[in-house]
Every structure is written in C-alpha cells, then in structure tokens.
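Chemist: Residue numbers (the working numbering), protein chains in the order written: chain A, 1 to 450; chain G, 1 to 356.
It should be emphasised that the hints constitute simulated quantities derived from the structure, not laboratory data.
Check the hints yourself; a few may be wrong.
Which bits of chain G does chain A cover? Going by a derived footprint, with three or more residues having C-beta under 8 angstroms, they are [what the hints assert, rightly or not]:
#1 67-79
#2 323-332
Sample of chain G residues facing chain A (criterion: CB under 7 angstroms; computed from the structure) [stated by the list, open to error]:
#3 F15
#4 S17
#5 I25
#6 A27
#7 V207
#8 E209
#9 N277
Quick reminder that beta carbons are idealized off the backbone N, C-alpha and C, glycines included.
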Amino acid sequence: MAFVLLLAIKGVIVRKIILLSASYYFYAYWDYRFLGLIVIVTLLNFYISLWIENTGSLLKRRSLFITILIINLCLLGLFKYYNFFIHSLESLPLLSHTDLTTLNLILPLGISFYIFRVISYAADVYTKKMAPCVHIIDFAIYVAFFPIIISGPISRASSFLPQLKKYSISISTFYAGSQLFIIGLFLKVFIADRLAMFVNYFYAHYKVFDTLTTWLATVAYSLQIYADFAGYSSMAIGMSLILGFEIEENFHFPYLARNIREFWRRWHITLSTWIRDYVYIPLGGNRKGKYRTYVNLIIAMTICGLWHGAAWTFVLWGLMHGIALVINHIYRDHFHRQSDATPVTKIVYWAATFLFVTLAWVVFRSGSIAEAMSIYSQLFCLKEGITWLQPFILLILVAIAFVHVLSYVKVTAISLPLNSWYTMTILFCLIWLAAIFHPSEFQPFVYENF
Amino acid sequence: MPTLNDVMKRISHIFISLCCSIIFIWAAGYFFLSSLTSYEFEHNLHKYIHTSNTIHKNRSEGWATTRVGKYNINAVPDITKIREPKIAVWGDSYVEAWQVNDDQKMPQVITSLLHQKEIDLFCFGIGSSGDSVADYYFDMPAYEQLAQPVVAHCIIITNFTDISPDQTSDQKNGVFRSNPLRLEYIASRPSFQNIKRILNEWGLYFVWEPIRALMKTQIHLIPSIRQSSYQQSASEDPATGADIEGAWAFLLSKFKQQTEVPIIFVYCPAIPMIHNNELVLKNPDSNTARLFNQICAAYDIGFIDVSTRFLDYYKQTGKFPRGFSNTRPGSGHFNAAGHRIVAEAITAYIEMTRGS
C-alpha cells in the first residue's frame with residue numbers, strides 16, 4: 001500500500017510524510033503506547049546532536065554526547081535489563097533475603113535496534129564523521145523506518161540519510177527488492193518455522209532424548225536461527241529496496257566461515273561492525289598491545305552477548321565468542337596463516353568453526369546455564385533415550401548444506417540473477433512453498449525478542 | 001523507455017513462470033499434502049459423512065492411504081455385503097485412523113487376529129474426527145440395522161473428557177450436555193463441500209491451503225496493546241467428583257437403553273508420554289479409570305484399560321504407540337503399533353468373554 005502511494009506521488013516531502021506515517025502506524029499496530037517512546041528518542045537524539053554540532057567547546061560537546069549516550073542506554077537498560085539485574089542481585093548471598101522491586105514492563109519492539117542506531121548517529125556526529133541531520137522528518141524516518149525497526153539491520157545514518165535527499169522508487173528496485181523479500185519469506189516460513197517446531201519441542205523436553213537426537217536438534221537450531229534471522233534481514237532489505245532504500249547486507253553465508261573472525265564478518269554484519277566501531281575501537285582496539293587487544297575483544301563480545309538478551313546465557317555466549325576470537329588471534333599470530341592452508345586443512349578449519357558456533361548456540365538457546373550444561377553432557381556423554389529423527393529436518397539439513405556447497409564453488413544460479421530466465425519461476429515456487437507448506441503455528445522472529 | 005515488445009516479453013515471461021510454478025506446486029502438493037476431507041449426505045444415516053468410494057491420503061501425520069467405504073466406514077467398501085457377525089468399533093479420529101494404512105487400522109487388525117484364532121467375527125470402525133459419545137449414541141441403531149448382525153460395540157476413548165458433558169462440539173451432530181443431563185442431536189452441515197470435492201478430484205490440494213489459512217487469519221487495522229506475560233488466563237473449573245459420576249451413570253444407562261448387544265469401553269490413555277521434560281509412565285488418570293470401570297461394571301458394560309499394554313510395549317521396544325516420524329514422539333494418534341496393541345487387547349477380551 002505504501003509502495004503504491006509512494007509510486008503515485010511525486011513530491012519528495014509528501015513521500016517522506018507518507019513513509020513516516022506508515023512507519024509509525026506499523027509500530028503502533030504492535031502497541032501504540034510505545035509510539036511515544038520512539039518519538040521521544042527521536043526528538044532527544046535529533047536536537048542534542050544538533051546542539052553537539054553547534055557547540056564549539058570540546059568539553060561541552062563531550063558532556064552533551066555523554067548525556068545523550070546515558071539517556072539512550074538508560075532507556076534500553078530500564079526496559080530490557082532492569083528486571084534481569086534485580087533478579088541477579090537477589091540471587092547474591094548478601095541480598096538473598098531482600099525483596100527488591102521488579103517492574104512489570106513489556107520490552108518495546110525493536111528497542112535494542114533503534115537505540116543502537118541513534119547511538120551510532122550521535123557518536124558519528126560527535127566524532128565529526130558525519131554532519132547532523134537538519135530535517136526532523138528525515139531523522140524520524142531513519143529511527144522508525146518500518147522494514148528494519150523490528151530486527152534490523154542496524155543501518156548507519158551515514159548511509160541511510162543521504163538516500164532521503166534523492167529519494168526515488170522504480171520498477172527495477174521493486175523487482176530486486178521483491179526477490180529478496182520472497183527469499184526471506186521462504187527462509188522464515190518454510191525453513192525456520194519448521195525447524196523451530198522441532199527445536200522448541202526438543203528444548204522443552206531435552207532430558208528424554210538421546211545423544212543422536214540432541215546433536216540433530218543442536219545443528220537444527222544453528223540452521224533455524226540462521227534461516228530466521230537471515231530470512232528476516234532479507235525481507236527487511238528487500239522491502240527497503242522496494243521503497244527505494246539500499247540497506248546494508250547483514251548475512252553472507254556465515255556457515256562457510258573458516259575461522260571465528262570470518263564468521264563475524266558474515267554473521268549479523270551490521271551488529272558486528274557496530275560493536276567494532278563503537279565498543280572495540282573506543283576501548284583501544286588492537287592499538288594498545290596484544291594483551292589489551294584480547295581484553296578488548298572479550299569485553300566487546302560480552303557486550304554483544306548481553307545486547308541479545310537479559311540473561312546470563314547470552315552473556316556466556318558472548319564471552320565464549322570473545323575467547324574464541326582471542327584464540328583465533330593467538331593462533332594466527334603464532335602458528336599458521338590460513339591463506340597458506342591446504343584444502344584438507346581448510347576443511348578442518350571450516351569444521352572446527354562450524355562446530356564451535358553450533359555448540360555456542362546451545363548456550364544461546366537454553367533457558368539457563370544449567371540447562372546448557374545438561375545438553376552439553378548429552379552431546380558428549382553417550383545417553384540413551386528417545387530417538388527422534390524427523391525426516392523433514394534431515395532433508396532441510398541436506399538441502400542447506402547443498403546450497404552452501406554450491407555457493408562456495410560459486411555456482412551463479414544460487415544467487416538467482418535478476419536477468420536469468422529461471423529466476424522468476426523459482427521465486428514463484430518459493431512463494432507457493434511458503435504459502436502452502438507453512439506450519440500451522442506461526443513462530444515469532446527469534447530476533448524480535450531482542 | 002520500454003517498448004511494447006519489451007512489455008509483452010516481460011508479461012509473457014511472468015505468465016510462463018507462473019504456469020511452471022503452478023505445475024511444480026501441483027505436483028508437490030499431490031505428493032506431500034493430505035487430501036481434503038469431503039462429505040456427502042447419507043440418507044440411511046440422515047447425516048453428512050465422508051464421501052464414499054474415495055481415497056484419502058494423509059501426509060501431515062504419518063504417511064498413509066485410506067479407502068473410504070460406504071456409510072463412513074473406512075477400509076470396507078460396503079458393510080452391508082458382509083454376512084459375518086460384526087463388532088462395531090466406535091471412535092473419533094483414533095478410529096478414523098487416516099494416519100495408518102487400511103490393513104493397519106485397529107478394526108482390520110482385530111478381524112485378522114480373530115480369524116487367526118478361527119473366530120468368525122468381522123470388525124469395522126466408525127469414526128470421524130471430532131465425534132463424541134453422543135454421536136455414537138445416536139448412530140448406533142442405524143448401524144445395527146445396516147451392518148446386521150452386530151454382536152458387540154467397542155467404544156474407544158483416549159481420555160475422560162471424551163465421555164464428559166459440555167465438551168466442544170466441533171460442529172458435530174451429537175452433543176452431551178449437563179444441567180440437566182441430556183444427549184442432544186443438532187443437525188450440522190459441513191461447509192465448502194462443492195469446492196473441496198472438485199479440488200480433491202483434480203488433486204488441487206494446494207489451492208485449499210492458502211484459503212484455509214486466510215479464513216483463520218484475523219486482521220485488525222486499529223493499533224492495539226500488547227499483552228504482557230504477567231497476565232494469566234483464567235482456569236476452567238473442573239467438574240466435581242459427584243457431578244462426573246452422575247454424568248457417566250446417565251450416559252451408560254442411555255447406551256444400555258439404545259442397544260441390546262454388549263458394549264465395551266476401551267480406554268487408551270496417552271501413556272507413556274513426554275510431559276514437563278520427563279517421560280511419564282504412570283497414568284495420572286488411573287484413579288478416574290478405576291472409578292469409571294466400577295460404574296461400567298454396575299451397568300454390565302465392559303471396560304478394557306490398555307495402559308499396561310502400552311507401557312509394556314515401550315519397555316520392550318523403547319517406542320511409543322502414538323506418534324510418527326513426521327510428528328512429535330509419543331503424541332498424536334496411534335501409529336501401526338498402537339493400533340495393533342489396542343486390537344490385541346480387544347481380541348483378548350472377546351476371546352475371554354465370548355462364551356458369556
């Protein structure tokens with residue numbers, strides 16, 4: 001509907017108002033009470049960033065930046081982490097008999113994503129990497145842009161805002177965007193949701209299953225979260241393209257990575273670059289010696305884990321990846337350069353990376369650290385129990401592996417070139433499959449919870 | 001600026017792609033989708049039943065093909081043509097048994113087992129998804145007439161809500177109500193039958209799926225409020241012991257009035273089952289089963305509890321009598337092993353009580 005209106009109307013200002021209205025309506029559709037929050041965040045960041053730009057004094061600039069940073073983090077902390085920290089404090093021996101007040105708060109949709117977007121904007125203005133936005137409507141669109149507000153990608157203002165100056169939509173962007181949207185829909189509805197039905201049941205009753213089923217569920221979750229999140233990102237990027245905006249790529253076959261650094265250059269790319277630019281580099285990056293580099297990596301990845309959710313499992317997951325990155329650094333610096341690896345060694349590197357990432361997802365998915373440890377013991381200590389090898393799950397695993405192999409050997413057809421004769425047929429088939437073979441229960445997007 | 005030729009090429013490309021995709025999804029749907037359930041009005045029974053002389057494919061749970069016979073009896077083309085004394089097995093989707101092939105359904109297995117023991121009895125099943133005890137009550141006289149001679153009725157129940165009043169009617173004809181206790185007949189008519197019949201004939205199952213999904217979708221245009229996880233749903237008041245005993249006594253007395261031949265309730269609980277991250281081997285409703293058994297005995301009605309057989313099967317094989325590889329283990333409908341276990345239980349009971 002928004003696309004049709006935008007195509008029909010030529011005036012740029014009117015188009016922007018329609019886009020902003022559509023974004024606010026989309027957000028209010030979920031819960032209109034939090035529309036006020038996103039408006040407040042927009043106004044605060046817009047005006048304080050302008051104030052930063054117009055202030056000559058370095059001290060005042062820094063104070064304003066710290067102020068807006070604290071406000072943004074406090075809002076995120078209040079809605080997302082307050083209860084988590086209260087419960088964590090209550091579990092400490094000294095405070096175990098204390099009844100600390102928790103808040104009955106709903107997590108506002110997309111808050112982790114739009115808060116990170118406005119923080120990156122304020123930081124870029126403060127460090128003079130970009131000039132502040134002077135049109136409130138443009139900035140409001142950037143914050144609330146509906147295709148990406150729920151679960152990203154975490155688009156940078158420096159790439160998004162200039163597109164609003166020369167805003168145009170066309171049939172060619174419509175076709176390209178539709179292709180991405182359809183692929184994303186297929187990944188989410190046909191693949192991820194079906195995997196979710198298997199994985200969710202396993203995790204609800206993991207104690208009764210045997211080692212083989214535990215391994216299957218573990219690998220299935222790796223693919224579920226990939227298909228779910230990459231599918232959503234593809235839909236978001238596709239929808240943005242339909243509306244005339246180019247959004248940064250967020251996934252690039254992450255399970256082809258041969259080391260953990262490469263994995264984070266392929267997985268949730270916008271988040272990993274955000275963490276790199278606004279956490280890792282300000283901490284010192286790799287400029288202060290190797291041991292400080294390792295500490296910075298661990299801190300950055302732990303924060304990355306905490307961003308995903310208010311639970312110790314996410315913190316542990318981030319920590320695991322931080323330690324893996326450190327190990328990768330040490331290995332690379334002292335032992336072997338992967339560019340010199342033989343084909344067999346490359347396979348070993350790939351297998352080790354995939355295995356680590358898959359095992360780390362167990363902590364990410366589990367309801368508690370104790371549950372994760374139980375599942376690990378089921379994985380590595382042979383356990384008898386119920387065997388559940390769901391044929392469709394096995395088929396999906398094989399199919400996804402096959403697609404990855406084709407991508408690795410650079411078979412062009414995998415990318416569905418826009419001008420090839422078979423692409424449209426395949427896209428129609430994907431629509432049919434998503435429409436016909438969808439599971440009876442819709443599974444929410446995994447990253448919607450973050 | 002695209003020329004007319006370019007536009008025509010583009011439209012042709014879209015049209016051909018769409019046609020190719022329709023052929024693909026038709027083929028995929030034909031193999032991987034379940035048949036649509038179509039109904040026809042049966043004048044002898046005065047109700048809508050599954051369309052006779054059709055084939056039903058089930059793919060969503062299990063992978064099986066069923067031949068639907070006349071009078072809503074699966075795997076038997078025409079019950080009126082069979083002269084042997086018969087046992088009628090009543091049930092809902094558990095007896096309908098779309099999930100297993102015809103020779104694996106419990107009535108057919110019972111017949112096979114009885115014939116192996118040289119007992120000249122023929123067993124047939126009457127079941128539709130959503131049927132209740134009230135439906136069996138109202139249908140018994142008609143089937144006794146059609147399938148005569150009927151020498152016994154077996155009623156399959158999987159839990160005690162199956163025989164409790166005020167359950168969801170699921171658009172079926174018979175309902176069991178309380179306050180006052182009564183069995184009512186409300187004629188119902190299934191919807192969209194003409195469309196389903198045509199789609200079934202041409203194997204166009206894929207057309208129905210998005211229609212069904214759209215009908216279930218509720219769209220609201222006005223922004224709303226998200227419910228927090230702190231809000232709890234109201235719990236239903238369970239029936240008191242005295243209420244349910246009275247209801248069962250009423251039900252059984254009505255069944256005794258409806259037929260002169262023996263009635264046997266066959267209780268097939270969902271054990272073993274996976275619940276709360278544990279394997280449950282003890283039936284939580286075992287006391288209720290004992291109570292119901294006592295009430296059955298008071299009305300000279302047979303009662304078979306298959307729990308022990310189910311548990312023995314699990315202990316011997318590590319497998320469940322319910323569930324399929326494409327569904328959750330231990331849940332859903334009986335698989336072939338489950339049907340066989342129930343059939344063996346019924347056969348053993350018949351063998352034991354045959355003289356009486």
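Chemist: Does the structure break any of the earlier hints, and which numbers would those be?
Modeler: 1, 3, 6, 7
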